[in-house]
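2 protein chains.
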Amino acid sequence: MTAPMEEENLQRVKMTEALYTDNLQGFRDEFIELHPYDQALFYSSLEKELRSKVYLFLSPEEMATIFEHIENEEAEYENLLSEMVPAYAADMLSEMYADDAADVLNELGQEQAGSYLTIMDHDSAVELKELLSYEEYTAGSIMTTEFVAIEANQTARSAMYILKKEAPQAEMIYYLYVIDDQSKLVGVLTLRDLIVADDETMIADIMQDRIQFVSVTEDQENVARTMRDYNFLAVPVVDFEQRLLGIITVDDIMDVMEEEASDDYSKLAGVSDLDRVEKNSFTAASKRLPWLIILLFLGMFTASLIGKFEETLSQKAILAVFIPLIGGMAGNTGTQALAVAVRGIATGDLENESKWKLIIREAGTGLITGSICGILITVIIFFWQHDLLLGLLVGISIFFTLIIATLAGSLIPLVMHKMNIDPAVASGPFITTINDIISILIYFGLATMFMSYLL
Amino acid sequence: MTAPMEEENLQRVKMTEALYTDNLQGFRDEFIELHPYDQALFYSSLEKELRSKVYLFLSPEEMATIFEHIENEEAEYENLLSEMVPAYAADMLSEMYADDAADVLNELGQEQAGSYLTIMDHDSAVELKELLSYEEYTAGSIMTTEFVAIEANQTARSAMYILKKEAPQAEMIYYLYVIDDQSKLVGVLTLRDLIVADDETMIADIMQDRIQFVSVTEDQENVARTMRDYNFLAVPVVDFEQRLLGIITVDDIMDVMEEEASDDYSKLAGVSDLDRVEKNSFTAASKRLPWLIILLFLGMFTASLIGKFEETLSQKAILAVFIPLIGGMAGNTGTQALAVAVRGIATGDLENESKWKLIIREAGTGLITGSICGILITVIIFFWQHDLLLGLLVGISIFFTLIIATLAGSLIPLVMHKMNIDPAVASGPFITTINDIISILIYFGLATMFMSYLL
Chain H
1 MTAPMEEENL QRVKMTEALY TDNLQGFRDE FIELHPYDQA LFYSSLEKEL
51 RSKVYLFLSP EEMATIFEHI ENEEAEYENL LSEMVPAYAA DMLSEMYADD
101 AADVLNELGQ EQAGSYLTIM DHDSAVELKE LLSYEEYTAG SIMTTEFVAI
151 EANQTARSAM YILKKEAPQA EMIYYLYVID DQSKLVGVLT LRDLIVADDE
201 TMIADIMQDR IQFVSVTEDQ ENVARTMRDY NFLAVPVVDF EQRLLGIITV
251 DDIMDVMEEE ASDDYSKLAG VSDLDRVEKN SFTAASKRLP WLIILLFLGM
301 FTASLIGKFE ETLSQKAILA VFIPLIGGMA GNTGTQALAV AVRGIATGDL
351 ENESKWKLII REAGTGLITG SICGILITVI IFFWQHDLLL GLLVGISIFF
401 TLIIATLAGS LIPLVMHKMN IDPAVASGPF ITTINDIISI LIYFGLATMF
451 MSYLL
Chain C
1 MTAPMEEENL QRVKMTEALY TDNLQGFRDE FIELHPYDQA LFYSSLEKEL
51 RSKVYLFLSP EEMATIFEHI ENEEAEYENL LSEMVPAYAA DMLSEMYADD
101 AADVLNELGQ EQAGSYLTIM DHDSAVELKE LLSYEEYTAG SIMTTEFVAI
151 EANQTARSAM YILKKEAPQA EMIYYLYVID DQSKLVGVLT LRDLIVADDE
201 TMIADIMQDR IQFVSVTEDQ ENVARTMRDY NFLAVPVVDF EQRLLGIITV
251 DDIMDVMEEE ASDDYSKLAG VSDLDRVEKN SFTAASKRLP WLIILLFLGM
301 FTASLIGKFE ETLSQKAILA VFIPLIGGMA GNTGTQALAV AVRGIATGDL
351 ENESKWKLII REAGTGLITG SICGILITVI IFFWQHDLLL GLLVGISIFF
401 TLIIATLAGS LIPLVMHKMN IDPAVASGPF ITTINDIISI LIYFGLATMF
451 MSYLL
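Order-wise, the sequence lines are chains H and C. Each residue of the first sequence is one higher than the last, beginning at 1 in UniProt numbering. Each residue of the second sequence is one higher than the last, beginning at 1 in UniProt numbering.
Treat the hints with caution; some may be incorrect.
Which copy is meant is left open, so a pair is good if it fits within one copy or across any two.
Claimed, not checked - Using 16 Å as the maximum straight-line C-alpha spacing, the simulated EDC-like pairs for lysine to aspartate or glutamate come out as follows:
| no. | residue 1 | residue 2 |
| --- | --- | --- |
| 1 | 164 | 199 |
| 2 | 14 | 121 |
| 3 | 165 | 193 |
| 4 | 165 | 198 |
| 5 | 164 | 111 |
| 6 | 184 | 151 |
| 7 | 287 | 166 |
| 8 | 129 | 255 |
Hints in this document: simulated from the structure, not taken from any laboratory.
Sequences and hints are given; from them, build the entire structure.
If you want it as structure tokens, here you go:
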């Protein structure tokens with residue numbers, strides 16, 4: 001995107017060469033000019049020996065900025081840190097924005113994280129321990145403590161003075177948070193408001209006192225929704241007494257959104273953890289096998305169910321012909337209903353409407369799709385096999401199957417949500433198999449009942 | 001989140017009452033204090049008659065801020081605009097940020113959009129027509145033209161002066177873009193850099209001259225990836241001569257991310273357009289029926305395939321018992337491979353590695369999962385049915401099916417991507433059905449070949 005490809009390559013070659021020849025100045029001249037993300041890309045693509053030279057050429061502070069742009073999925077934090085002198089690594093961690101440093105420590109083993117915290121400067125260690133104590137996926141676990149706080153009875157000029165002083169450390173300087181002497185959040189001010197204000201204006205007069213904030217225990221998905229709805233660049237995080245604990249910035253929220261979307265998607269497909277790149281067939285297989293083996297046993301159960309109807313089948317083998325059709329339709333309509341319910345829960349649309357309304361609507365949807373598909377299939381089979389009874393049997397099975405499968409697809413995630421289980425766990429393959437079983441029971445149940453007419 | 005629930009309700013009642021009693025001041029006192037998103041929520045939840053009073057109580061400029069926070073999915077732009085006096089609507093549109101106004105116009109019919117553009121002030125109309133000319137899903141279609149541009153040979157003080165003047169209009173003032181006299185983008189500066197700089201510093205000395213930008217024709221998904229990787233709050237959009245055309249802000253990128261994630265998810269589930277709230281059973285059924293009917297016909301094809309093996313089946317009815325098992329495993333492993341490939345393409349991870357590597361890895365994955373599941377099922381059937389040959393038949397079918405289904409799941413989206421078709425179109429149900437057919441051909445093909453041994 002930035003410079004033309006060739007120029008970029010040339011630069012990469014230059015930097016690598018400088019590392020090989022221990023040319024500190026030559027390396028720094030090129031490297032420092034790069035955006036931290038590009039620095040991170042270059043650094044993590046290096047071989048181990050060259051990377052160890054980077055630690056000699058860059059200060060822990062410079063390394064901190066790079067580390068803020070590395071994701072654990074792309075390069076293992078543990079490996080990278082183990083290449084550094086422990087004191088250098090600890091310095092780097094304390095220079096990083098607290099939320100990013102906490103992310104790194106979270107990925108390490110408890111013992112290793114603890115050892116870095118011990119040799120780190122005391123203030124950073126206390127701050128990081130605090131952040132590490134929040135539960136995963138809560139606002140607390142993704143917030144940072146580097147925000148700019150001012151007081152209501154200041155002038156715009158003095159607020160600007162504080163801002164200039166704190167700007168180099170703060171992660172986000174475009175929102176200023178106004179707190180009282182108890183650290184309670186009483187207002188918020190954008191840098192835009194501050195810039196257009198006269199120097200002598202009091203902060204109390206220009207701050208917003210209706211504040212959107214999130215609780216430290218709030219689910220990160222809800223935080224993401226708030227930020228998206230209100231178009232915020234950051235949102236303040238408070239405790240139960242509305243004391244300001246930290247802020248969550250929009251770059252972390254983009255990561256949360258990506259993570260949550262990827263998570264829902266993988267669960268619908270029945271693959272665990274799509275986020276990590278699959279490095280070889282063995283890691284790929286190990287991620288897919290758990291679901292396949294569960295499905296295999298569920299499938300054996302389905303098989304044993306059909307086995308009970310073996311006599312019916314041997315009398316009328318044509319019945320077998322429609323098993324995949326009925327099962328496929330049941331599985332698909334269930335997945336559709338599931339997807340609607342899971343997205344509805346995820347986007348919060350379902351929070352505002354009664355669950356009964358959803359269930360009635362889904363029953364109606366099943367009734368409509370079931371009637372149309374049922375009639376269609378009866379007609380097709382009649383013209384194809386010239387067997388009205390067989391057509392009716394398959395059509396009526398489709399009718400009931402679609403209604404029940406649609407209801408199952410929406411009810412199961414709702415019940416799970418009620419029980420505080422992530423509804424996306426009721427993944428595609430699970431719902432599909434449940435509905436497979438239901439469809440077979442309906443189809444062969446009806447077939448056995450009407451056997452005498454069919455023969 | 002903000003004020004306690006009761007207070008919020010009280011406020012809503014007060015505002016509604018003020019509207020009923022035509023109490024302009026009472027309404028404005030409460031309403032103006034709200035965040036635009038909350039204003040939008042209140043406004044779009046009102047009944048039509050009350051909404052028409054809002055237009056009398058608020059200026060087009062105030063209404064513009066509200067409209068920037070309404071999504072078409074939640075309230076139809078067309079209906080809302082038709083309630084306003086046309087001149088008021090046109091004024092409002094010209095006061096909105098250009099990208100948001102273009103979004104609204106895009107949702108209207110060509111004729112209606114044209115009529116607003118005709119009565120709008122000339123400058124806004126020209127700007128909007130320009131934005132409307134970019135293709136959907138490109139950077140151009142989501143960018144805004146309200147950015148702050150400065151020159152390299154200015155001092156920090158004079159840049160700050162420009163900023164203060166333009167702040168009320170600009171959508172994003174936290175990045176300043178440095179252009180030359182040809183409008184070419186030559187540098188970028190954050191407001192943070194500007195604030196900490198001395199008044200007399202030249203912009204050329206503090207600006208970043210390695211700039212990340214996107215081309216106006218770039219796909220919005222790639223723009224989102226750039227912003228997420230670099231943690232940007234905005235990214236500049238340029239034409240082929242690197243002239244600055246506009247910027248894309250992070251709030252719009254969050255919408256893009258949500259939209260793209262939702263799109264991939266719905267396609268995997270075989271539902272069109274999950275974004276819009278399903279209002280009743282009929283709209284829900286109309287969105288799900290297309291896929292169900294396609295599946296019905298594909299299912300009839302599968303049925304006719306099995307029909308060819310009716311003789312085999314009537315000789316050995318137990319064969320039918322394993323149809324759902326084999327079909328289910330094939331469908332699921334295909335969906336897994338599909339999900340991995342679609343995500344890989346979406347996140348760009350696949351761009352960096354050769355397609356052949358992926359195909360070989362997937363073939364290996366199929367080989368491993370096929371072997372393990374195949375052996376497992378042979379053993380289970382042997383102990384359950386005491387029929388080694390039947391076990392081998394099902395096991396070998398699973399073995400081949402999983403290999404081919406895994407390959408199909410990854411190859412089909414890759415080929416589609418190559419052909420510039422959105423790979424997510426090869427949705428879950430489609431891959432599942434293809435693999436259903438493959439599995440049946442393998443299973444019954446093998447069964448027919450070995451029939452003499454099986455009986």
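Comparing the hints with the structure gives:
no. : hint       : verdict
1   : 164 to 199 : both (14 Å within a copy, 13 Å between copies)
2   : 14 to 121  : neither (36 Å within a copy, 54 Å between copies)
3   : 165 to 193 : between (19 Å within a copy, 12 Å between copies)
4   : 165 to 198 : between (20 Å within a copy, 13 Å between copies)
5   : 164 to 111 : neither (39 Å within a copy, 51 Å between copies)
6   : 184 to 151 : within (11 Å within a copy, 42 Å between copies)
7   : 287 to 166 : neither (46 Å within a copy, 53 Å between copies)
8   : 129 to 255 : neither (22 Å within a copy, 34 Å between copies)
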